[in-house]
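Student: Given next are the chains, with one letter for each unit.
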Amino acid sequence: AQKVTQAQTEISVVEKEDVTLDCVYETRDTTYYLFWYKQPPSGELVFLIRRNSFDEQNEISGRYSWNFQKSTSSFNFTITASQVVDSAVYFCALNGGTSYGKLTFGQGTILTVHP
Amino acid sequence: GAVVSQHPSWVICKSGTSVKIECRSLDFQATTMFWYRQFPKQSLMLMATSNEGSKATYEQGVEKDKFLINHASLTLSTLTVTSAHPEDSSFYICSALRGLGAYEQYFGPGTRLTVT
Numbered sequence: 001a002q003k004v005t006q007a008q009t010e011i012s013v014v015e016k017e018d019v020t021l022d023c024v025y026e027t028r029d030t031t032y033y034l035f036w037y038k039q040p041p042s043g044e045l046v047f048l049i050r051r052n053s054f055d056e057q058n059e060i061s062g063r064y065s066w067n068f069q070k071s072t073s074s075f076n077f078t079i080t081a082s083q084v085v086d087s088a089v090y091f092c093a094l095n096g097g098t099s100y101g102k103l104t105f106g107q108g109t110i111l112t113v114h115p
Numbered sequence: 001g002a003v004v005s006q007h008p009s010w011v012i013c014k015s016g017t018s019v020k021i022e023c024r025s026l027d028f029q030a031t032t033m034f035w036y037r038q039f040p041k042q043s044l045m046l047m048a049t050s051n052e053g054s055k056a057t058y059e060q061g062v063e064k065d066k067f068l069i070n071h072a073s074l075t076l077s078t079l080t081v082t083s084a085h086p087e088d089s090s091f092y093i094c095s096a097l098r099g100l101g102a103y104e105q106y107f108g109p110g111t112r113l114t115v116t
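Quick note, the sequences are listed as chains A and B, same order. Residue 1 is where the first sequence starts when you use my numbering, and the numbers rise one by one after that. Residue 1 is where the second sequence starts when you use my numbering, and the numbers rise one by one after that.
Please note that the accuracy of each hint is not assured.
Unchecked claim - Taking lysine-lysine and the DSS-like style, the derived pairs with C-alpha atoms no more than 30 Å apart in a straight line are:
| # | chain 1 | residue 1 | chain 2 | residue 2 |
| --- | --- | --- | --- | --- |
| 1 | B | Lys-14 | B | Lys-66 |
| 2 | A | Lys-70 | B | Lys-20 |
| 3 | A | Lys-3 | B | Lys-14 |
What the hints assert, rightly or not - Chain A is faced by these chain B residues, among others (derived, beta-carbon under 7 Å):
| # | residue |
| --- | --- |
| 4 | Ser-43 |
| 5 | Ser-89 |
| 6 | Phe-91 |
Bear in mind the hints are in silico, worked out from the structure with no lab data behind them. Beta carbons are placed, not taken as given, at the ideal position from N, Cα and C, and that holds for glycine.
Bound conformation, chain A alone (with noise of 0.2 Å):
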C-alpha cells in the first residue's frame, strides 16, 4: 500500500516570508515517483515537479525549491520570498512503480499568503 502524508492541513504566512510545506511518503516500491501539484481556486491541477526515486538532487526553480531524503521518505517543498499569488492547496503525490500511472495524493496543505 502507498501512503503520503501532509502534515500540515494550513499555513498562513505574510509575503516575503519563507514556507516549507512538508511530504512523507510510503511505498514498498524501489522505484517510485513523487510530485507536487499546486491547486488554484479554479481548481485546475498544476504540476510542479516530479522526481524519481534514484535522483535525490535537490531542485531549485526560481522561488521553488525541493529537498528530496529517501532516508526519511519526505519531499519538502520550500517557496522563498512567497507572494499573494502563491495561495493555493499544495498536492503532494506518489506514484510507485507496480501502480502504473495511479497517482496517491497527500492530504493537502491550504496555503495563504497575506499581503
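Given the coordinates of chain A, assemble chain B onto it according to the supplied hints.
Tutor: Below, chain B without anything else, positioned relative to chain A:
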C-alpha cells in the same frame, strides 16, 4: 505541452437523473485515463482506471454500476454518473497518460457536479 479537456466544466442536475462527463486528450493518444473525485476541502481520490478498448478498473468502494466509464477511443473517456444523488456532488477530475509511466500524466481542468 499536452492538453486534456473536460466537458462540461460544471453541471447541475436533478436527483435521480444521469450525467455524462467527457475527458479528451487533445493532442496525444491515451490508452489509459484516470478518474478522480475531490470533495470540498479534501484530497483527490482515484475512482477508476479507464483503458481504451477494455473494461474500466474500479478502486475499492467505488460502485461500478453507478459510475459508468467508457473509453471508446484513444482520445476520449467518459464518466456517467447514473441516478445521481446529492452526495455525488463533487469535483471530478480526469487525467491521461501519454506513453508509459506517471511522468507523462496530464490532468483535465475538472468538472464540478452539483446534484439538487
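Student: A separate judgement is required for each hint: does it hold in the structure or not?
Tutor: Now the hints, each set against the structure:
no.: 1; hint: B/Lys-14 <-> B/Lys-66; result: holds (15 Å)
no.: 2; hint: A/Lys-70 <-> B/Lys-20; result: violated (42 Å)
no.: 3; hint: A/Lys-3 <-> B/Lys-14; result: violated (36 Å)
no.: 4; hint: Ser-43; result: holds (5 Å)
no.: 5; hint: Ser-89; result: violated (14 Å)
no.: 6; hint: Phe-91; result: holds (6 Å)
The structure is inconsistent with the numbered hints 2, 3, 5, although it conforms to all the rest.
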